[in-house]
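> Residue numbers (our numbering), protein chains in the order written: chain A, 1442 to 1743; chain B, 2 to 282.
Worth double-checking, as some hints may not be accurate.
[Claimed, not checked] Among the chain B residues that face chain A by a calculated CB cut under 7 Å, a handful are: (1) F105; (2) F215; (3) Y264.
[Unchecked claim] The calculated EDC-like cross-link candidates involving lysine to aspartate or glutamate, where the alpha carbons are at most 20 Å apart (straight line), are: (4) B/K224 to B/D66; (5) B/K8 to A/E1641; (6) A/K1579 to B/D240.
Keep in mind that the hints were calculated from the coordinates and are not lab data.
Treat the numbers as computed from the prediction; the structure is a model and nothing was measured.
Ideal Cβ placement from N, Cα and C applies to all residues, glycine included.
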Amino acid sequence: MKKKHKSISYGKWGYLFILPFFITFFVFSFIPLINTIRYSFFEYYRSGIKEIGPNFIGIKNYASLLESDMLKYTGNTLILWIIGFIPQILIALMLAGWFSDVRFKIHGKQFFKVVIYLPNMIMASAFALLFFTMFSTKGPINSILMSIGITKSPIDFMGSVFGTRSLIGFMNFLMWFGNTTIMLMAAIMGISTDIFEAVEIDGCNRIQRFFYITLPLIKPILAYTLITSIIGGLQMFDVPQILTNGHGNPDRTSMTLIMFLNNHLKSKNYGMAGALSVYLFIISGILCMIVYKMINGKNSEK
Amino acid sequence: MKLKKGKYFTSILIHLVLIILAFMCLFFFYVLIINATHSHADLQKGFSALPGKSFIENFKNVANDGSFPMFKGIVNSIIISTSCAVICTYFSSLTAYGLYAYNFKLKKFAFTFIMAILVMPTQVTAMGFLKLITRMGMYDTFFPLIIPSIASPAVFYFMYSYLQSALPLSLVEAARIDGSGEFRTFNRIVIPIMKPAISVQAIFIFVGSWNNYFVPALIIQSKSKMTVPILIATLRGADYMNFDMGKIYMMITAAIVPIIIAYLFLSKYIIAGVALGGVKE
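Just chain B, same shape as in the assembly (with noise of 0.2 Å):
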């Protein structure tokens, strides 16, 4: 009897703990749309918890801001990350596929290789990227964003994995004999039976492109070709506490709703992926 009062007292417990978390996860965010249907002169009397009317006032005022455009933020953060979830799928792909189902003399270097570098920090070498982009000629534009992530080395390493327990070498084989060429066999063979592992690395892939801000600030100018990181960064470093601050919130939701929807959506596949990755980022 005692040891069920205990245990009914540690399950309230329990509850109460993940509610104060799962409260702190979410206040913010919900502060952030109240807000951001609040018109300037409602937010200076206070916060009030309840939404408003502004919020189409709002999001016309972002949509129709010249120095601060954030909507072809959006497009070209969609156009970069989406380029570089495929690219960086196929060709991790590839990789893992090169490294798993032939044998030849460097393999083992190779993949050691890839494996010592697996964490490595993109930082480290910037200074050295950016003079190399700018005299390639690439400075401020997206090709610096998108072309490095064929040589993912976490996201080869993920697929590696995969490749090693879906993917018997005997289908390979299999495949061989009656005929298909080994670029054949990638693409219709193996390419649809790592489906699985393609879409929550191009998810990841997605996310973390999207996020980017320390490369790309190195590398784009122009305010038409900035990404929506650079966009919040330059809204920061100007004076915006004078600001509409009905837009400012307007313009914090446009750059971390589309994600949070997109996430609410497929938070079944990314939880899982975090569980199966275990090694990766």
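Isolated chain A (complex conformation) (with noise of 0.2 Å):
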């Protein structure tokens, strides 16, 4: 417990640093929120240059989500996170693992941690730009398999959904492997050399420690990333919104959550950008709640 010092003097204080952020939030985050669950009740669409609405339609525009392609949306979302979590989980695992073993002597691995975090920096659509254009039929990549004699006619790399859906994972993958590997390592060193010791003199083997003792300890750190990983999947949007050009190509089979949300705000379906928006809100209260759940018991046990 802190020192009980002249607080009551000095409350007014706290109340006034922290009042900007609270009108902040009450302002852009709040208003909005209250005004998409509220448009989401209401039909409100432009057709043309006509505005229809805003006219109070119940729970219609939720019902009529369902019924359109909004789940299959959502297996998309679902699809190319898995696709990206999977090896980026994996080969972060193992990458910290190695680095933060002492009897391991890698060469270079301040190169190789600024490297493996380098493509977290890049802009997302810039980088999605960049994979189109590489991985197009007259691109550098088709050429260079071309030249090796790989295949003898160009790939169409984004005209199958595989291809697609794999590039996508693909640069998420190599996007966010680095930061997972940074974050893992620093849990894994923060276990106390004891431990390690310890099971050392016991004659654990560097698998049956990797699988027995780093593991468990810093799960709360790999529960932390799985689910802040589901929340930035959810939230995907720049990479399959540039790769595609908006239309989740082919057949809208990478179509992600968000972008759904954005075509429906750029023909200005409001009512239907609302419910969807309330879909979006609850799953990610819940997994909100589950962070704030997380956090809150590392910090009691301090």
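Could you use the hints to bring the two separately framed chains together as a complex?
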């Protein structure tokens, strides 16, 4: 507990200092949230230059979203997230294990750390445009593949469902595995060296040590990585949007939920956009609760 | 002896995997920069691993292109990202200090509230945000991209954790005895102490804002106000495979190379920041 100093007379400064945060939050997040929820119960869209509504229609927007392709886009978002996340967490665990093990002499450790984090800094939209250009039928990747004789005719990577999804997953993997590696490494370094010394004396080999000691001890940070990654995956937008020019081609198989929301916002269908936002709000609200519980648990342990 | 040999092979394996991963990370940027130095005609002949001679020419073409004002976009992005970094770090520190150093009735509630919205995606309020901005007459201006960054829960949390470890309350107490006002204490004593945290977060906020695409694309309409990601998206929307490819590569280079260069200088702090964070973005 903090010392009780002349807190009563200074309390008003506390309010004053946190006021800008709460005013900003209230105006730019809370009011928009309330309006989003409100409009979700209205028929409110633009057809041509005419504005229809707002007319109250109850939960019709929610119902028609369920009948629309929303569930398909939820599936797409999930698939795209998984394709990126699984290699990301596996590689990150492996690298974090290697980097934090003093018995491995890794040359250029700092160099590798800098390089693997680099893609995370890159503008996702520019990165996607770069991939689009490079993997197009006339692009340098096909040019390289043909010149070393792997393929005779150019491969249309973005013409197939598998190709497009793999490219998006690969980009997400590249952008995030460095970040995850560094976070997991910090967690492993935080484990007391006594524990490692003790199990070494007990004759535990490297693999046993990793699965029975390291993994269980970094479980909280692994769970945290998982949840924040799901939240990030739910927000997936820039990469598929730019790569497929907002269409989610081929046949909308790489259309994500936020791309769907963006389409409604761009076509000014506020009612539907509102209802979709509320669905997303509920899902992310649950995820937020989980993160809150985790961090709170961590703080009270201290 | 056998053990030593095994270790030797493991070491080779580790380095091999690391080299492959590093190659994957760097290869695309290498191709990008090489291709930005080639003319359109050269690029049509196929990929060449060596730099060409058209770097200056491509650069001039990008600079003089009125329909994709890339350099104006970079200036706009710098204005917005810098403002965000300054405003967000200052107000997040202020909020963190307010909750850390003072005791008041709603303190616990305020803290719990911020922690509850820590990872809430901004996209869920985008619809109401867009309507609100339009009503306030801020549509197609920079303000809606800058002002909301005052309320950044994740940055607040980082600052709060930092204060816990770096600012003893006795220091605040001492300043009070010396007659320093509360605001003065914050600006003259707390901010300098928080400098390491502020600089790390400023980098992340700058980069995040520089790369941000979803909200700016909803708000900004006029060409002269577009930021880099919107220009990139516009470029993708145009039938650009028929454009001058040398120019396209140069545009992408212009969008990402400034960040790569800044990253190389600041990588030490950035990586330390990521490791330190654990709990943030």
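> Let me know if the C-beta of B/F215 comes in closer than 7 Å to any C-beta of chain A, holds or violated.
Check passed: Cβ of B/F215 comes within 5 Å of chain A, closer than 7 Å.
> Report holds or violated for the interface hint on B/F105, using the least CB-CB distance to chain A and a cut-off of 7 Å.
holds (4 Å)
> Does B/D66 sit within 20 Å of B/K224, going by the straight-line distance between their CA atoms?
holds (12 Å)
> If you draw a straight line from the CA of A/K1579 to the CA of B/D240, is it 20 Å or shorter?
holds (14 Å)
> Does B/Y264 pass the interface hint, meaning its C-beta sits closer than 7 Å to a C-beta of chain A?
holds (5 Å)
> Are B/K8 and A/E1641 close enough, with their CA atoms no more than 20 Å apart?
Holds, at roughly 16 Å.
The structure fails none of the hints (numbered hints given earlier).
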